[in-house]
Amino acid sequence: MSTTTNGRSYKAQKVIDRMGQKLTRQMVGSLAACVHCGQCTDSCHYVLSNPGDPTFAPAYKADRIRKLFKKHYDWTGKVFPKWVKAGTVQTDEDLEELKDIVFGKCTNCRRCTINCPMGVDLATFNRMARGLLCHVGIMPEGVEYVAKEQWEIGNQMGVLKEDYIETIEWQEEELQDEMEDPNARIPVDKVNSEIVYVINPREIKHDPRSVLDAAKIFYMAGADYTMPSEGWDMTNFGLFNGDDELGGAVAGRVYDKVEELNGKKLVISECGHGYRSTRCEGPNWAKKDIAFDSESSVITMLKYIKEGKIKVDKTKNPGSYTFHDSCNNARSCGLTEEPRELLSLVVDDFREMYPNRAENYCCTGGGGAMSMAEYRPSRLKSAKVKADQLSATGTKTVVTSCHNCVDGLTDLIGHYKLGMDVTQLVNLVANALVVDEKIEENRKIHSAETSATAAQ
Amino acid sequence: MEKHKQENFHCEDFLSDFDFWTVDVADKLARDSDISGGLTESHWKVIMYVRDHFMKYEKGPAVVKVVKDCGISFKELCDLFPCGLVRGAYKVAGLPRPQGCI
Amino acid sequence: MSEKKQINNSTLGVIKADITATEIDAFVFYARNDLKLGSGFGNAIALRGGPSIRKELENLGPLNVTEVVVTTAGTMKAKNIIHACGPKFQEENIEEKLKTTIQNVLKAAEANGIESIAFPPMGAGFYGVPIDLSAKITIDSIADYLAKGSEIKDVVVCGNDTREYKALVPKLQDLNKKAA
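Chains as they are written, first to last, in numbering that gives the first Met the number 0: chain A, 0 to 455; chain B, 0 to 101; chain C, 0 to 179.
Treat each hint with caution, since some may be false.
Claimed, not checked - Partial list, computed: chain A residues near chain C (C-beta under 8 Å):
| hint | residue |
| --- | --- |
| 1 | 12 |
| 2 | 384 |
| 3 | 416 |
Claimed, not checked - Within a straight-line C-alpha distance of at most 30 Å, the following computed DSSO-like cross-link-like pairs (lysine-lysine) qualify:
| hint | chain 1 | residue 1 | chain 2 | residue 2 |
| --- | --- | --- | --- | --- |
| 4 | C | 54 | A | 160 |
| 5 | B | 74 | A | 315 |
| 6 | A | 98 | C | 78 |
| 7 | A | 189 | B | 64 |
| 8 | A | 98 | C | 35 |
| 9 | B | 27 | A | 160 |
| 10 | A | 302 | A | 315 |
| 11 | C | 165 | A | 160 |
| 12 | A | 395 | B | 55 |
| 13 | A | 264 | C | 35 |
| 14 | A | 286 | C | 54 |
| 15 | A | 189 | C | 15 |
| 16 | C | 3 | C | 54 |
Unchecked claim - Partial list, derived from the structure: chain A residues whose beta carbon lies under 10 Å from chain C:
| hint | residue |
| --- | --- |
| 17 | 37 |
| 18 | 41 |
| 19 | 149 |
| 20 | 153 |
| 21 | 159 |
The set of hints was computed from the structure by calculation and includes no laboratory data. All C-beta atoms in this analysis are idealised placements derived from N, C-alpha and C, irrespective of residue type, glycine included.
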């Protein structure tokens, strides 16, 4: 291990130097403002599931990062370091320890943030701390693996372009079979479309049902849409590993492709962190002005029903349902009412879970936690509060608008043997579709448009 | 359109060591993965395909490859492995938990 | 998208393309010290090239930073892969190490009769070398090497996306200015 003149390891020094470049006004406000009142403690699912362990408390975790700020970047730490608990990192082991806190003990869900009377946004500087560590190559192996896939292949599951195209073509065949229409298409790279539809690579790699379901809805609605051949991954590991460069590169690829195709609107499939990254954070990371509109597919589907473009019959979805708000959708982007409105249109028996909306608990797999195998036992233990919350609803199925939550919830439902199913709105809407005369019109429009495009 | 089953995935953990896998282990993993009635020839075709792919590429195959190379439909795959490709087929085939949002 | 420039008997160009799908004598893979292919381009090499490449690599590592090894490219469009162990994550003397790595790649190419090579912007992206710095060092080091005369006919630097491509183009154009 190489060291610097002050005896600090080379990497530890780099982390401290980098912090100075990454501190924003919001972060400094959050780092300075904590009065250790303890209100955050009971808001954190890690604390609630591990009541005997104070190291899970948000203020405790925040102090591991705060001490560096106090020591190196805040005047109070220079004048009375002991009072403000200023401290530093000396060795690579110190950095490893910090890694286990910022990656392993927080999902950046921001529930403590909205419960903090001082407005301390732990998730924002926890993300920064992750970025500082990644900058010097210290990160969980799973994070390393996924970040490299996304940097180099262009999507976080390493799906090659030929496999993506083959999957879309396969789903197009399925669409034709189910709709009994040989002209039904899933257009790729169609220029001047009203909608460019981007997805999570999980839909291609592992479970393409949501691609087919979305295609059915677009088909029935007579939508003028396309899927892009590149820049199709709207997820963004930059949000999780704190690497703004990655965040900008990934979001930039999506934006560049929409511009190249001259698409009017970007529609983002149901994925919480992808929605936040692509719609909210991406333009800043990519340093780019976005000339086109963007929305969640939840809103697109809701509009189709309200405008009569598609018809649904909720009796096609029997059973009882609850709704899980994704942290990124609800707390960070305010997408809380539209999914409920849509869900109520496609199922009969919808029961809220409590707490809900911006106060909902994390699926416990957020912030990239699903990719960090080493913290899995601790993650599942910390899912106790979520498991209790789910089973209290007495429902059979939990609906969520986030692919990451699907996997997080599936894991904890298995672990706590809750016997519940997990599904997404797109599946329920597609399943509830009914055909009437107006819809037949739309189908004809779709067929005419796509065969005209195919003929070009 | 009734083919949409709401039962998605509800299973426990993956094998951590690919070489620890045996036919008996596969049987146990199958029971953990909601496969009732034991592994059939159709299961084995998928399992061996997935294992072979992992040995060659150190990664599980994309669903499109499984469906096309094993000559089954996605519905058939889900009927064989009710927990889906990853938590069903990958797991019973002894693959480690894949990286990413899984 | 592409742009190129003549240097002595060779050309140096910039393209926007997937480096692991390029039809070329050899492309450069920014390798780990243990030569494990890993994810990203390594994953593309495994999937598109087949298992023979991993077999070849088994007895060639580990490498020190700046060292390179050459393998075949299995079933890929390229004939060879030059696995180059460049510096990673802000390690010390990163610029010098990058230059040496690039020179070692070009030397290995000549020794193996390779006439066309594709480089990525070395160390950019996952390994954290800022794209502008990487673009400058990659283009300048290759240009300096070719200026001394080389058997290598064509070198391209491959931008993975528009962002990388746009960072590479001005560095190539700067060479023209220097030459003038």
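Just pull the numbers of the violated hints for me, sorted ascending.
Those not satisfied are hints 1, 2, 3, 6, 9, 12, 13, 14, 16, 17 and 18.
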